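A.B. asks: The hints should help you fit chains B, C and D onto chain A, whose structure is shown.
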Amino acid sequence: MSDGQRETTPGAGLVKGLATTLKTMVTPSHTAEYPHRLPELPPRSRGVIGLFEENCTVCMLCARECPDWCIYIDSHKEPVPPARPGGRERSRNVLDRFAIDYALCMYCGICIEACPFDALFWSPEFEYAEYDIRDMTHERDRLREWMWTVPPPPANDPGAPAPKEVDAAAKTAAKAEPPRSNDAARPQPPWEAGDDGG
Amino acid sequence: MNVAVEVAVRVVLVFAAFLLFPLVVGYMEHKAMAHMQGRLGPMYAGGFHGWAQLVADGVKFAQKEDIVPADADRTVFKLAPWIALLPYLLVLVVVPVGPGGLVGSDVDAGLFYALAVMSVGVVGAVMAGYASANKFALLGGIRVAAQLMAYELPLVLSAVSAAMAAGTLSLGGIVGAWRPWWLAWQLLALVVFLVAGVAELRRPPFDMPVADSEIIFGPYTEYTGLRFALFLLAEYAGIVVVSALATVLFLGGWKGPVLDAQLGWLWTCVKVLFVAFVVIWLRVSFPRLREDQLQRFAWMGLVPLALAQLLLTAIVKVAIS
Amino acid sequence: MTAVDVVLLLLGALAAGSGVLVVTTRRLVHAALWLVVTFGALAGMYLVMTAELVAWVQVLIYVGAVVVLLLFGIMLTRAPTGRSDDLDSGNRPAAVVGGVVTCVLLVTLAGYGFSSAYADLDTGRLGTARAIGTVLFRSWVLPFELLSVLLLAALVSAIVLSRRRES
Amino acid sequence: MHAYLTSYAVVGVVLLVGAAFLAVALTANRLLRPHGPTAEKLTSYECGVDPVGEGWAQVHVRYYVYAYLYLVFAVDVVFLFPWATVFALAGYGGPTIVEMFVFVGFLVVGLVYAVRKGVLAWV
Chain A
1 MSDGQRETTP GAGLVKGLAT TLKTMVTPSH TAEYPHRLPE LPPRSRGVIG
51 LFEENCTVCM LCARECPDWC IYIDSHKEPV PPARPGGRER SRNVLDRFAI
101 DYALCMYCGI CIEACPFDAL FWSPEFEYAE YDIRDMTHER DRLREWMWTV
151 PPPPANDPGA PAPKEVDAAA KTAAKAEPPR SNDAARPQPP WEAGDDGG
Chain B
1 MNVAVEVAVR VVLVFAAFLL FPLVVGYMEH KAMAHMQGRL GPMYAGGFHG
51 WAQLVADGVK FAQKEDIVPA DADRTVFKLA PWIALLPYLL VLVVVPVGPG
101 GLVGSDVDAG LFYALAVMSV GVVGAVMAGY ASANKFALLG GIRVAAQLMA
151 YELPLVLSAV SAAMAAGTLS LGGIVGAWRP WWLAWQLLAL VVFLVAGVAE
201 LRRPPFDMPV ADSEIIFGPY TEYTGLRFAL FLLAEYAGIV VVSALATVLF
251 LGGWKGPVLD AQLGWLWTCV KVLFVAFVVI WLRVSFPRLR EDQLQRFAWM
301 GLVPLALAQL LLTAIVKVAI S
Chain C
1 MTAVDVVLLL LGALAAGSGV LVVTTRRLVH AALWLVVTFG ALAGMYLVMT
51 AELVAWVQVL IYVGAVVVLL LFGIMLTRAP TGRSDDLDSG NRPAAVVGGV
101 VTCVLLVTLA GYGFSSAYAD LDTGRLGTAR AIGTVLFRSW VLPFELLSVL
151 LLAALVSAIV LSRRRES
Chain D
1 MHAYLTSYAV VGVVLLVGAA FLAVALTANR LLRPHGPTAE KLTSYECGVD
51 PVGEGWAQVH VRYYVYAYLY LVFAVDVVFL FPWATVFALA GYGGPTIVEM
101 FVFVGFLVVG LVYAVRKGVL AWV
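Protein chains in written order, with this note's numbering: chain A, 1 to 198; chain B, 1 to 321; chain C, 1 to 167; chain D, 1 to 123.
Source of the hints: derived by calculation from the structure; they are not laboratory data.
Predicted, not measured: the structure shown is a model, and the values here were computed from it.
One or more of the hints may lead you astray.
Said to hold, decoys possible - Quick list of in silico lysine-lysine cross-link-like pairs, DSS-like style, CA-CA up to 30 Å:
no. : chain 1 : residue 1 : chain 2 : residue 2
1   : B       : Lys255    : B       : Lys317
2   : B       : Lys60     : D       : Lys41
3   : B       : Lys64     : B       : Lys78
4   : A       : Lys164    : A       : Lys175
5   : B       : Lys78     : D       : Lys41
6   : D       : Lys117    : B       : Lys64
7   : B       : Lys60     : B       : Lys78
Said to hold, decoys possible - Computed spacing ranges between beta-carbons, pair by pair:
no. : chain 1 : residue 1 : chain 2 : residue 2 : range
8   : D       : Ala9      : B       : Asp292    : 40 to 50 Å
9   : D       : His2      : C       : Ser139    : 26 to 36 Å
10  : B       : Leu183    : A       : Ser29     : 30 to 40 Å
11  : C       : Ser116    : B       : Trp265    : 48 to 58 Å
12  : C       : Ala16     : D       : Val61     : 30 to 40 Å
13  : B       : Gly47     : A       : Ala12     : 37 to 47 Å
For every residue, glycine included, the Cβ atom is placed at its ideal position computed from N, Cα and C.
The following block holds chain A by itself, in its conformation from the complex (with noise of 0.2 Å):
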């Protein structure tokens, strides 16, 4: 305790507080009224994590990463078709069903990292109170709708190399294969489609 600096008049520590609290008072306060006035909130804030579900291979990383165990991952197998004739018949993970509770994520967003396909994203939507818990946890499908709401990824700064993948499917393209039948049924993520989200 520095005792040197410590009231050097009687009672200026209390005219101290005082003037604080005056000071306080006619500055404008903090609160935020929220539901009337929403907030304003970063672009890429963690909200809610919405599941671009054609992007996932039912790796099960994010499940397995997830530090609460609050993903839930049913899948089935299914056969496909060989490509060519006589050729091998294969067989693919098929998602039957992807669940997040809300009430358990604790929003560290490491299933996100974690995803090697990106098909999970973070949104900024956090309105997503319950009256029962159990409606906390959100299915597949409601994981789907969270997509809409997803920002565009932020633009690349300018002069910068573009990313390995643009690289990757520019060569891809240049060899001109035939795209996949699959490929073209894909929706779109929506900002490619033209929709800003939210």
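C.D. replies: Positioned in the frame of chain A, the structure of chains B, C and D alone reads:
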């Protein structure tokens, strides 16, 4: 018959002030305290900035169950809020609001009457503490009594100083004799009176008797519903009364810069609300004293100061007369 | 009999009745609280008899301080809060006799002593602060000063008694 | 005499009106409020812990001494009020002030004694 009508009007006005002013002070506390803490305070009840918040609170209290603990001394328990509340109503009667008899009742020994009646309130808190059959309530009741005893003395001594300066105990007479330079002459008494008054009201920073972190809510721990609301009303009525007495004794009551005769009541109201604001301001700014600090402060700080003020008042008064 | 007399009689009855309850109640704390009523009624009687200052002294000192002192005194003990038959010492007849005798003595003495003392309440007011101050500081200064010595003695002896380490 | 009694009659009427107001409010409240006592509700509230023993705490003697100190001083202060109204009048002046401060001085001696004996130190 004429006298009866006049008395009725006075009684009704006093009673209206008794019900209205505590609400105004309570609302002011809500808002001032909120803004001093960077908040907004109530915003919804009644529409405009939550003006009806306390009315809504009253409605809520009236609908709550009234619980008397099984071990409680029922009669005393139920009677305690009356004893805590009614003295403040009685004091309000003698507070002059404007010149020319604008007062509930011009009692000749008004100042002494006010101090004596206010001291009855202590019995209400002790009754509440004893009758609740709760250790925390009892401790709170004892603390209330000890605190009121300690601070009654500087309060009365500083009030005597005003009476000495004016040479009368009538509250109207004191305001009549008041001159602006008394502010400097009686400054010490004003400070002592305000501090002791806040302590009498058991308001922070002197809220040891209801210190929630130690003894729950002191003597009021077991109270619910309307009876609890009556204790709260007593607290705010107490602020009004102490502010009004400080106004009358030291701040010149109805005397203002202009139009004393016409606007006297307005000056009084403004001054009372200002002093009440200071009481709220003190609450927000300072932390609570400890019980031993509290007693020490009264006996070794305020009492000597008040005695010094008495000496000063006596000397100046004899010198000028 | 005027309205004032009626009020005076009612207050007297209240004071006497609550006084009886002080000594007959089975709860110690209730005795102290009934004492509040007694003192309050007494103050009311002083008021009606225009002894304004004395009335409020009665309230300030007795209700505001003496009763609390009594309560603190009760709380010093390990007193039972509930009903208790220990409070009945079994000497009621003696107490009644003592009370009646004291009452008769006091009434007689007061009757003899003050039968010639007459104050006209309609013309002059003797109970105001100024009237008492005039009498006190004109004629009775010495008893007034002696009172402070008495108070000092009481204060010092209380402090001595309350300090156990001193003995 | 008449003005004096009227002034206190107003006080008495206000007291009666106030008491009547409380009585009416509490009676009306009786009709409004619910009533459903349970054993838990009727227990003394001691922060959720079941109360032990009786609701009675023996106090330390210092509370009594403080109250006593106040009583002595209150008796003292009472004399200040009549004094305050007369001391500045013609014919009083200096001697009356001295008388009062001798009176108060005795009590201050008592207060100093109390301080020296450590009565005012809480712990």
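A.B. asks: Now look at each hint and say whether the structure bears it out.
C.D. replies: Do the hints match the structure? See the list:
1. As the CA atoms of B:Lys255 and B:Lys317 are separated by approximately 21 Å, the hinted pair is consistent with the 30 Å bound.
2. Simply put, B:Lys60 and D:Lys41 have alpha-carbon atoms about 19 Å apart, close enough for the 30 Å limit, and the pair holds.
3. Distance check on the hinted pair: B:Lys64 and B:Lys78 sit about 15 Å apart at the alpha-carbon level, within 30 Å; holds.
4. With a C-alpha separation of about 17 Å, the suggested pairing of A:Lys164 with A:Lys175 holds against the 30 Å cut-off.
5. Between the alpha carbons of B:Lys78 and D:Lys41 the distance comes to roughly 17 Å, so the proposed pair stays at or under 30 Å and holds.
6. With a C-alpha separation of about 51 Å, the suggested pair D:Lys117 and B:Lys64 falls outside the 30 Å cut-off, and the hint is violated.
7. A threshold of 30 Å between alpha carbons decides the hint, and for B:Lys60 with B:Lys78 the separation of about 20 Å falls inside it, so the pair holds.
8. For D:Ala9 and B:Asp292, the Cβ-Cβ distance of about 46 Å falls inside the hinted range of 40 to 50 Å, so the restraint holds.
9. The hint said 26 to 36 Å for the Cβ distance between D:His2 and C:Ser139, and at roughly 29 Å that hint holds.
10. Checked against the hint of 30 to 40 Å, the pair B:Leu183 and A:Ser29 passes, with Cβ atoms roughly 33 Å apart.
11. At roughly 50 Å, the beta-carbon separation of C:Ser116 and B:Trp265 lies within the given 48 to 58 Å, and the hint holds.
12. At roughly 34 Å, the beta carbons of C:Ala16 and D:Val61 sit within the given window of 30 to 40 Å.
13. A hinted range of 37 to 47 Å holds for the C-beta pair B:Gly47 and A:Ala12, which are about 43 Å apart.
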